[in-house]
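J.: Using the hints provided, position chain S relative to the given structure of chain B.
Number of protein chains: 2
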Amino acid sequence: MGESKSGGAKTAGSQSFYAVIPAGGSGTRLWPLSRSQEPKFLLDLLGTGNSLLVDTVKRLAPFANVDEIMVVTGEAHEKLVRTQVPALPLANVLVEPSPKNSAAAVGLAAYVLAESFPDAVVGFFAADHVVSDDDAFHSVLATAIEAAKSGHLVTIGISPTEPSSAFGYIKKGKANDLSGVFHVQEFVEKPSFKDAERFVASGNYFWNAGIFVGTVQAIVDSFDKFSPALGTPLRDIAKRLLAGDDFSELWSELPSQAFDYAVAEPAAADGRFLVVPGSFGWRDVGDFASLAQAQGGAAGSEVTVVGDAAKVHPRDSTGIVVATSGRIITLLGVHDIVVVDTPDALLVTTKEHAQDVKQVVEQMRAEGLDGVL
Amino acid sequence: MGESKSGGAKTAGSQSFYAVIPAGGSGTRLWPLSRSQEPKFLLDLLGTGNSLLVDTVKRLAPFANVDEIMVVTGEAHEKLVRTQVPALPLANVLVEPSPKNSAAAVGLAAYVLAESFPDAVVGFFAADHVVSDDDAFHSVLATAIEAAKSGHLVTIGISPTEPSSAFGYIKKGKANDLSGVFHVQEFVEKPSFKDAERFVASGNYFWNAGIFVGTVQAIVDSFDKFSPALGTPLRDIAKRLLAGDDFSELWSELPSQAFDYAVAEPAAADGRFLVVPGSFGWRDVGDFASLAQAQGGAAGSEVTVVGDAAKVHPRDSTGIVVATSGRIITLLGVHDIVVVDTPDALLVTTKEHAQDVKQVVEQMRAEGLDGVL
Numbered sequence: 000m001g002e003s004k005s006g007g008a009k010t011a012g013s014q015s016f017y018a019v020i021p022a023g024g025s026g027t028r029l030w031p032l033s034r035s036q037e038p039k040f041l042l043d044l045l046g047t048g049n050s051l052l053v054d055t056v057k058r059l060a061p062f063a064n065v066d067e068i069m070v071v072t073g074e075a076h077e078k079l080v081r082t083q084v085p086a087l088p089l090a091n092v093l094v095e096p097s098p099k100n101s102a103a104a105v106g107l108a109a110y111v112l113a114e115s116f117p118d119a120v121v122g123f124f125a126a127d128h129v130v131s132d133d134d135a136f137h138s139v140l141a142t143a144i145e146a147a148k149s150g151h152l153v154t155i156g157i158s159p160t161e162p163s164s165a166f167g168y169i170k171k172g173k174a175n176d177l178s179g180v181f182h183v184q185e186f187v188e189k190p191s192f193k194d195a196e197r198f199v200a201s202g203n204y205f206w207n208a209g210i211f212v213g214t215v216q217a218i219v220d221s222f223d224k225f226s227p228a229l230g231t232p233l234r235d236i237a238k239r240l241l242a243g244d245d246f247s248e249l250w251s252e253l254p255s256q257a258f259d260y261a262v263a264e265p266a267a268a269d270g271r272f273l274v275v276p277g278s279f280g281w282r283d284v285g286d287f288a289s290l291a292q293a294q295g296g297a298a299g300s301e302v303t304v305v306g307d308a309a310k311v312h313p314r315d316s317t318g319i320v321v322a323t324s325g326r327i328i329t330l331l332g333v334h335d336i337v338v339v340d341t342p343d344a345l346l347v348t349t350k351e352h353a354q355d356v357k358q359v360v361e362q363m364r365a366e367g368l369d370g371v372l
Numbered sequence: 000m001g002e003s004k005s006g007g008a009k010t011a012g013s014q015s016f017y018a019v020i021p022a023g024g025s026g027t028r029l030w031p032l033s034r035s036q037e038p039k040f041l042l043d044l045l046g047t048g049n050s051l052l053v054d055t056v057k058r059l060a061p062f063a064n065v066d067e068i069m070v071v072t073g074e075a076h077e078k079l080v081r082t083q084v085p086a087l088p089l090a091n092v093l094v095e096p097s098p099k100n101s102a103a104a105v106g107l108a109a110y111v112l113a114e115s116f117p118d119a120v121v122g123f124f125a126a127d128h129v130v131s132d133d134d135a136f137h138s139v140l141a142t143a144i145e146a147a148k149s150g151h152l153v154t155i156g157i158s159p160t161e162p163s164s165a166f167g168y169i170k171k172g173k174a175n176d177l178s179g180v181f182h183v184q185e186f187v188e189k190p191s192f193k194d195a196e197r198f199v200a201s202g203n204y205f206w207n208a209g210i211f212v213g214t215v216q217a218i219v220d221s222f223d224k225f226s227p228a229l230g231t232p233l234r235d236i237a238k239r240l241l242a243g244d245d246f247s248e249l250w251s252e253l254p255s256q257a258f259d260y261a262v263a264e265p266a267a268a269d270g271r272f273l274v275v276p277g278s279f280g281w282r283d284v285g286d287f288a289s290l291a292q293a294q295g296g297a298a299g300s301e302v303t304v305v306g307d308a309a310k311v312h313p314r315d316s317t318g319i320v321v322a323t324s325g326r327i328i329t330l331l332g333v334h335d336i337v338v339v340d341t342p343d344a345l346l347v348t349t350k351e352h353a354q355d356v357k358q359v360v361e362q363m364r365a366e367g368l369d370g371v372l
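Protein sequences appear in the order of chains B and S.
Read in order, the letters of the first sequence are residues 0 to 372 in numbering that gives the first Met the number 0.
Read in order, the letters of the second sequence are residues 0 to 372 in numbering that gives the first Met the number 0.
Bear in mind the hints are in silico, worked out from the structure with no lab data behind them.
Even glycine gets a Cβ: it sits at the ideal position worked out from N, Cα and C.
Take these hints with a grain of salt, some might be off.
Claimed, not checked - Taking CB as the label site, the calculated pair distances span:
id, chain 1, residue 1, chain 2, residue 2, range
1, B, 86, S, 370, 36 to 46 Å
2, S, 49, B, 257, 53 to 63 Å
3, S, 160, B, 197, 53 to 63 Å
4, S, 351, B, 295, 27 to 37 Å
5, B, 194, S, 370, 51 to 61 Å
6, S, 177, B, 343, 51 to 61 Å
7, B, 197, S, 194, 54 to 64 Å
8, S, 85, B, 343, 31 to 41 Å
9, B, 48, S, 160, 51 to 61 Å
10, B, 358, S, 194, 44 to 54 Å
Here chain B stands alone, though its shape is the one from the complex (with noise of 0.2 Å):
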């Protein structure tokens, strides 16, 4: 890693500011233009020309230069991650030896950094979340990181947009000293649409995209405080992979569980949790029903297409096509249709099943198919 800012608008004072991405995931509901071996953060979903993964670490660049980026991520993934960021220092690619779900992956860039510096801030950010607002993004994220020095950990609070089930949702509690921020009450699961209908209208719930900032201190001590099965292995872990040493063994033994459910719900519970709302375009672009969203495609209106649009004739016809393959694809008469059209597999299917590729995708698995997912 490197240990110095070098110049660039930073804003997030004397503190030292790390960011990291992790990047796992495998973006199952986006088969099969997002693959196992090519998952969506690395992929250029919404054909700005950068991936999810480049986007991310662009969209930092005013508080961590590419020197002050950790990404964590899988073998199968670390080749493509240092193509797609060349700059990225050989330390700063934390490789899992097997997935261990967030927590794990959250836990060991907060030990490695714990070892290295000790005294620096820590942002968490997901590679493959798209923003659509940086100015925004920067704005809240300079709000977290001053908010973060207290020693409380700080998620940053999505403003919903509308009621969806597809996220887990933070409530607010009562107001923080800094403008603008408030503690975490409570950390809720992905509820019901109804559920999810009344935290809408409360204005008093969030989404929770999964981003948070506290002192490298402060992410270890809950760590070792709420989930030590995490905390002690992984700084075992942290030092032996800083010296060079495997540390397989040690990581197949870890708990796989998320880091909401690990460290961050309880504490929330020990008021150990601020959250920053903010409102800057943010989009996870699960599914290709908010693929289409994403690429300005209203329900019920034309045919969106991400990728080659020369090669898509629709005739009477309203959904979304993904051409990757160079094929004429030519649609008559079908409506909310996805098609994805890439060069060795082919989905069709509605918008409306938009959520259950990922079940399609895990049951060709257990029929073999591994090749093509």
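T.: For chain S alone, coordinates are given in the frame of chain B:
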């Protein structure tokens, strides 16, 4: 052309029998399976291992050896016709310099035969129809050939299995002396669905499959009498063709007319046409809905696959998938869907829109996409 029969279970009697297969039409409604360069009749549409043309040739074997078969086709298809039916003598492929509709194709063969075999009986059989009961077909054809020896033209009328508005109809008149043979009262163009219901309920109408038999003399007489604008130049064209002279200019000036309109309708009105009704599992697989039906897929039932079924993974879906690209095809929650997946073009539509594929292809041609049409 061959000049003598060579064994086999011939049932045509002592008079020579020739079979003519007009092999035109592009099967546009079956795009992108059927292409202008490789139309329906050259495809193994039903997975029998043979193209429809080759199946047609084989079906005629008890009546005509390959050297007693003539194929009338366009320049673009001559090579594949010869490749698929290698035993066809050089002179037995009549190549049209340009498409001129069915009357010119039928007349060309008739006037060529009139020069070479004026005493023969000749039958005309579409290159792209499907027959599932060959024995029944042979029995009906033997009756038609017998009836033709009286000097009448004899069509084979398909006993309708449903009130289809996709076919022309033949109305039967009074019985002929031969058992199972009737006079044709009139040929009726494709009716409305309502009229089709009436036709089928009456029991007096048959589908017009364009199959007919006659002496060479009777056919050219009818051209001379009812369509001299075709007959006169075609006599000249046939002579030039047999002499190896160019006839493309004369051909280009021929009127482009359907045989039914130019000859059959007036000949029937003149009392010259007989009909032999038959049921032999005849199908004109004209679009993807009828292809699904021919492949055994009932409406609303599972997914019918043409091609590599092992590559197709339907879930909660119904319809037809044509899989010729070798790719994995996954369907999820789509119903009565039509997916035609070829190496360079993909069509997604529904059975309901099967007939409209023709219009889409015409639109794409207007847009300059001939390369994939």
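J.: If a hint holds in the structure, say so; if it does not, say that too.
T.: Tested hints:
no.: 1; hint: 86(B) to 370(S): 36 to 46 Å; in the structure: 43 Å, holds
no.: 2; hint: 49(S) to 257(B): 53 to 63 Å; in the structure: 59 Å, holds
no.: 3; hint: 160(S) to 197(B): 53 to 63 Å; in the structure: 58 Å, holds
no.: 4; hint: 351(S) to 295(B): 27 to 37 Å; in the structure: 29 Å, holds
no.: 5; hint: 194(B) to 370(S): 51 to 61 Å; in the structure: 54 Å, holds
no.: 6; hint: 177(S) to 343(B): 51 to 61 Å; in the structure: 60 Å, holds
no.: 7; hint: 197(B) to 194(S): 54 to 64 Å; in the structure: 60 Å, holds
no.: 8; hint: 85(S) to 343(B): 31 to 41 Å; in the structure: 36 Å, holds
no.: 9; hint: 48(B) to 160(S): 51 to 61 Å; in the structure: 58 Å, holds
no.: 10; hint: 358(B) to 194(S): 44 to 54 Å; in the structure: 48 Å, holds
Hint compliance for this structure: no hint is broken.
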